[in-house]
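Engineer: Spelled out, the chains give:
Protein chains: 4
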Amino acid sequence: MKTILPLRLAMVGGGPGAFIGAVHRTAALMDGEFTLVAGALSSDSDKCQERAAEWGIAPARAYESWRQMLEREAALPPETRAEVISIVTPNHLHHEVAIAALDAGFHVACDKPMTTSSANATAMAEAVARSAKLFLLTHNYTGAPMVREARELVARGEEGPIGTLRKVYVEYLQGWLSEDLESSGQKQASWRTNPALNGPGGSLGDIGTHAHNLAEFITGQKITRLLGARRSFVEGRAVDDDAMALIEFESGADGMLRCSQVCVGRENGLSIQLFGTKGGLEWRQEHPNDLTIYSANEGPLTRRTGNGYLSAFAQSSGRVPAGHPEGYLESFANLYREFAAAIRSGGAMPEHLPSIAAGVRGVQFIERVIASSEAGSTWR
Amino acid sequence: MKTILPLRLAMVGGGPGAFIGAVHRTAALMDGEFTLVAGALSSDSDKCQERAAEWGIAPARAYESWRQMLEREAALPPETRAEVISIVTPNHLHHEVAIAALDAGFHVACDKPMTTSSANATAMAEAVARSAKLFLLTHNYTGAPMVREARELVARGEEGPIGTLRKVYVEYLQGWLSEDLESSGQKQASWRTNPALNGPGGSLGDIGTHAHNLAEFITGQKITRLLGARRSFVEGRAVDDDAMALIEFESGADGMLRCSQVCVGRENGLSIQLFGTKGGLEWRQEHPNDLTIYSANEGPLTRRTGNGYLSAFAQSSGRVPAGHPEGYLESFANLYREFAAAIRSGGAMPEHLPSIAAGVRGVQFIERVIASSEAGSTWR
Amino acid sequence: MKTILPLRLAMVGGGPGAFIGAVHRTAALMDGEFTLVAGALSSDSDKCQERAAEWGIAPARAYESWRQMLEREAALPPETRAEVISIVTPNHLHHEVAIAALDAGFHVACDKPMTTSSANATAMAEAVARSAKLFLLTHNYTGAPMVREARELVARGEEGPIGTLRKVYVEYLQGWLSEDLESSGQKQASWRTNPALNGPGGSLGDIGTHAHNLAEFITGQKITRLLGARRSFVEGRAVDDDAMALIEFESGADGMLRCSQVCVGRENGLSIQLFGTKGGLEWRQEHPNDLTIYSANEGPLTRRTGNGYLSAFAQSSGRVPAGHPEGYLESFANLYREFAAAIRSGGAMPEHLPSIAAGVRGVQFIERVIASSEAGSTWR
Amino acid sequence: MKTILPLRLAMVGGGPGAFIGAVHRTAALMDGEFTLVAGALSSDSDKCQERAAEWGIAPARAYESWRQMLEREAALPPETRAEVISIVTPNHLHHEVAIAALDAGFHVACDKPMTTSSANATAMAEAVARSAKLFLLTHNYTGAPMVREARELVARGEEGPIGTLRKVYVEYLQGWLSEDLESSGQKQASWRTNPALNGPGGSLGDIGTHAHNLAEFITGQKITRLLGARRSFVEGRAVDDDAMALIEFESGADGMLRCSQVCVGRENGLSIQLFGTKGGLEWRQEHPNDLTIYSANEGPLTRRTGNGYLSAFAQSSGRVPAGHPEGYLESFANLYREFAAAIRSGGAMPEHLPSIAAGVRGVQFIERVIASSEAGSTWR
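Protein chains in written order, with the working numbering: chain A, 152 to 531; chain B, 152 to 531; chain C, 152 to 531; chain D, 152 to 531.
Take the hints with a grain of salt, since some may be wrong.
No distinction is drawn between identical chains; accordingly, a pair holds when it is met within one copy or between any pair of copies.
Under the rule of at most 25 Å between Cα atoms (straight-line distance), these lysine to aspartate or glutamate pairs were calculated in the DMTMM-like manner [as the list claims (entries may be wrong)]:
{"no.": "1", "residue 1": "Lys429", "residue 2": "Asp441"}
{"no.": "2", "residue 1": "Lys429", "residue 2": "Glu399"}
{"no.": "3", "residue 1": "Lys429", "residue 2": "Asp197"}
{"no.": "4", "residue 1": "Lys429", "residue 2": "Asp331"}
{"no.": "5", "residue 1": "Lys198", "residue 2": "Glu215"}
{"no.": "6", "residue 1": "Lys373", "residue 2": "Asp254"}
{"no.": "7", "residue 1": "Lys429", "residue 2": "Glu330"}
{"no.": "8", "residue 1": "Lys198", "residue 2": "Asp441"}
Keep in mind that the hints were calculated from the coordinates and are not lab data.
Generate the whole structure from the sequences, applying the supplied hints.
Structural biologist: Structure, rendered in structure tokens:
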């Protein structure tokens, strides 16, 4: 038996005050599949060292810049140097870092939305294509066991409890930007409402892409046409804080998508309801261990994480027996765990893991809603 | 003290196999405010007599036709004859019966949608205007105590927990027409999918108008602009069984409305979420005694029917102390009870009771969505 | 066809400030099965007349005392006089009124708990036995459609989803007596905490008997042994405001029962969970249209009122189609509706309707818990 | 700045087929506070090596027995050797391993119940007392943010929303042992129903101790008196699979505790409701991010993990912003994270972390319920 050593991970971004960097670290560490060995954690050198010390990264591998990190890590001996780069910066930096990392021979795990324009997305896709490396886009909700169960049930088509898909309603409602938080200097609000750092879509990029991705992941279909309206409710805000769309899927199913960051009191209200010719499904992120299944001749059934009646896909996506709730970090960790397995296998990304194609589609989604909205809500 | 005698009610429609007639009867009887004295309950004379016997109506007042009923009742002595006509027929008959009844000096309670075209609606409005009689449109959900609490909270504006309205999401999802039930001869499905009896809007008329009315009732605002898409999922169906719309309110708030009768397994999924600058609300018809209130600095609060912390309007809309659930029939009965009070007072309809104006708006709503949909989803 | 005329009802109790009188009236009127023709509504003659006027009772039939009422009504012609007496007074009066009414040839509907001692209960049972009249005890929760569905599912035994019963957990938690409300003069609190009016059991009589009855109704079994502890948390209170018991059923199943009126913020938290060898059930009064069914190899299933998949018993206990909530008053009205049918049929009470035997058992339950508690919680 | 290196952890137990070992590993790894360096993972040497390889433990540190491990690790240089021993074996081994580990100079994290008899518990307490080492008992639910919020709210006494405590209802209901699973050879069922491995309490030890601990943790009070009944519903089972108790707290509050493993379809139904003079609380393990707060003059309020309105204790117990659910593993990881901090500080265990005293009380609880039950349910 060969001892399975953790993969060596380096992080770009994730300094003090950031949120998603710590999430990626926990997700990567949770199963012992990764060890965090290096980081360009902040453009402020002191902050980078501070975080590195806190996170057990040797001072010498807490770099001043991501370029320095890529260069120096690439120069280390193969058994020491980082194998995977996690990109957790504001969105506008993703593409540059990712392309450089791929070209330097690193695998890349990148936060979403993937980048700020289709042009960048295309360049990233080309970088993935020319590298022999793997690229993970951390659309974490696709790691939730009951989301995966939903996907399996839909995929069964006429043999399954849903039948042929007709309607999809997806939404992601938050309230944290219902006031002009960015003017207060709050770090998360500041960069996420700045189009130069976040891209042109505010709520669209931050949470609309999650809703879009979730709908495509569970249905196994592309949204081929949409009509949208976005706006900013908070005066002076430079990006949208709210958007709505009618959506159509390739099979002819249709539905609605909405995202908002001005729904006061809502936390992370990502939910999806869908209906086919035989039944329906409902999943709510804030109670992620429940999946409601609707049918014509019985009352709603609630399937729950960890049970033997679930599909193999959903079962293998949990860590604990039924009745022990799995949360946000576990769904995130599933992506890292499966990414590690893909890297170790030397093969390609498994079909269900969000990758470069999902990233490209997410950026296109933002651009399509914006274009439709600016044209007075016409179909795209 | 004067003994308060029940008002005398006559019904058009409501024969065996119908659903809404029995509901109107129970709603009218529940508080002892009405007694059912006459009926043109079915076009089939035997069925009319059968139902009349079951419902305690004397055979002589179980009429062969509504025309006969109006004529003969009007000829009875004032202390005997019916005072109020309830119209619970398929939609296409509403306008003719209502106009004749009003013109013959009866008050009218009419089921919704009010009628099948704007032209009819206008004629009805004229009949109401020229009569000295009252007209109730039974948009029953406006009678639910927690819907009324919601309306009160929104009406408080900046002084209240919601602030200035921004977003309204309303939906009414059913599943009972997800298959071609009408071909099986099921009575409800047959007339409701027949445009000649139901009007041009299927789901739009049957449940979309409820969603529309609920949104306008709670917000106290009109939907001034909308963009819609409707369709039939079941092959061969002559009316829509599904519709979606982006909506805008007079104040600048906006949102989404959807209705569907093909959401398998959903029963009467009428729900509304709305958000303002300070907080939000959520109400779900299937658990009608709960109203969730969202705010920025605390978790969601659930207010419940019958409690002393509710507005006077909500408190006076219940019959039992807190913790004893009020249901669909009680909300319906509130309309009848308040209609009786208005009739007895000899005055006008109270502002909050759905009346002719709500009926006109409902018909216009159907027509606007159809027009928008046929134009490829353009704003109206 | 013979027109079905409403049965004539007279009420004892139910004056202004009372709660349960109005509930009985609404429950009786709702289906048109009864008409309220007479009342001894208050010991205060003015209040009796006031309420009579409000309720449409002729002044001549608003009596000064229940004795006067029984006497004068009995002297009226058969086609006019009251047929059924509803007793909605404080508990200490039930037995005297009921016995007199039965002996005078009236059917009786009596609120619960039936009376204040076993001796009284026995006397009432004898009166029922010697009369040819029917006696209804309004344990209203047994009228809820999903409670009835639960009873049906348990009754199926090994053929059904529950199997052989093992565990029953039942509770009724309220908070309205968590302070010394009786000293403020609040009418409900005053008589319900006065042992002379309410009987020796406070929470035990008021709500503990509901929990006891619900457990016996759904399981179809008697609680044969119990061990209890009761107490008063509010200083100076003359009756218990809280009680707990271990319970055993005739089949060997066991469980726990609790009732409390000091659970601040709880409204009418009556709920039951039970489990057998094959599955389990859960019902909560405050969301009465849902019944959760647990099983070994699937997630929990929620059955809901009004659906075709329910037992005939549950289906016939509703008034409206699936998705339209039925509430407290409808469950109460079911008892009156079925009582009317039993009276009209001239036969006996249907087995499922709570009658004199349930009343006797309720009184014994109170006495057993008190005896056990006073002996330091020993088995009885 | 000094780089914070992970503490070195060694595990006893946790081989293939076990459940709780993997949980401890994940909980320890999640925050990067521990690295798993050694293990006596199975009495079967091959299985130990297999698991060690899978978990990244060097073959040389995958030991044949826990005695061997303690001896050899203690002989390693201080900068290499394990610092903490996690004990995740069946219960009967806990005391021997823990005492030896403490005596050999290791900190100990031990699964619950702590051991199988009071005598063992006392011996363990003496070992903790004579060592300079820390001892963590992994009562993981005490790590859940909303459980901690509950504890804080109760601790505020009359100043807080609960006031003086009156009632506590706690339960832990599972269904997985509703059949004779142990005869099938299922590993978890086999040892947990074997008194020689599990101790005399079946459900009492496995889940009753969780309920007991949760009640004492949240109330900050000891259960000073109880009366219980335990039994086995499954024929031939050597330990209890169900227990019930009336409980009394040192302040005079009382309540009920129940645990069962025959509630078919229930997963890990640990929940607690408590009420004081001013308000109440409710927490359910299966939706652990919600805490319901009851009060007299408003509806129930739901507080949720990650929000700024929570106590500092609850806020510091989370890892992600509001709306991202925390699960079972995060609550478990909180204990490990805080244990690491305590070890690093060189000081004592923080008062809130479950330690040797909680372990002793848990064992006494099991013994008290058994003694009461055997005496026919008398107070102890």
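Engineer: Decide, hint by hint, whether the structure agrees.
Structural biologist: Hint check results:
1. Lys429 with Asp441: both (20 Å within a copy, 22 Å between copies)
2. Lys429 with Glu399: within (20 Å within a copy, 34 Å between copies)
3. Lys429 with Asp197: neither (59 Å within a copy, 40 Å between copies)
4. Lys429 with Asp331: between (45 Å within a copy, 13 Å between copies)
5. Lys198 with Glu215: Classified as within; 10 Å inside a copy, 45 Å across copies.
6. Lys373 with Asp254: neither (30 Å within a copy, 57 Å between copies)
7. Lys429 with Glu330: So Lys429 and Glu330 pass the 25 Å test across copies only (9 Å; inside, 43 Å).
8. Lys198 with Asp441: Classified as neither: same-chain Cα gap 40 Å, cross-chain 35 Å, threshold 25 Å.
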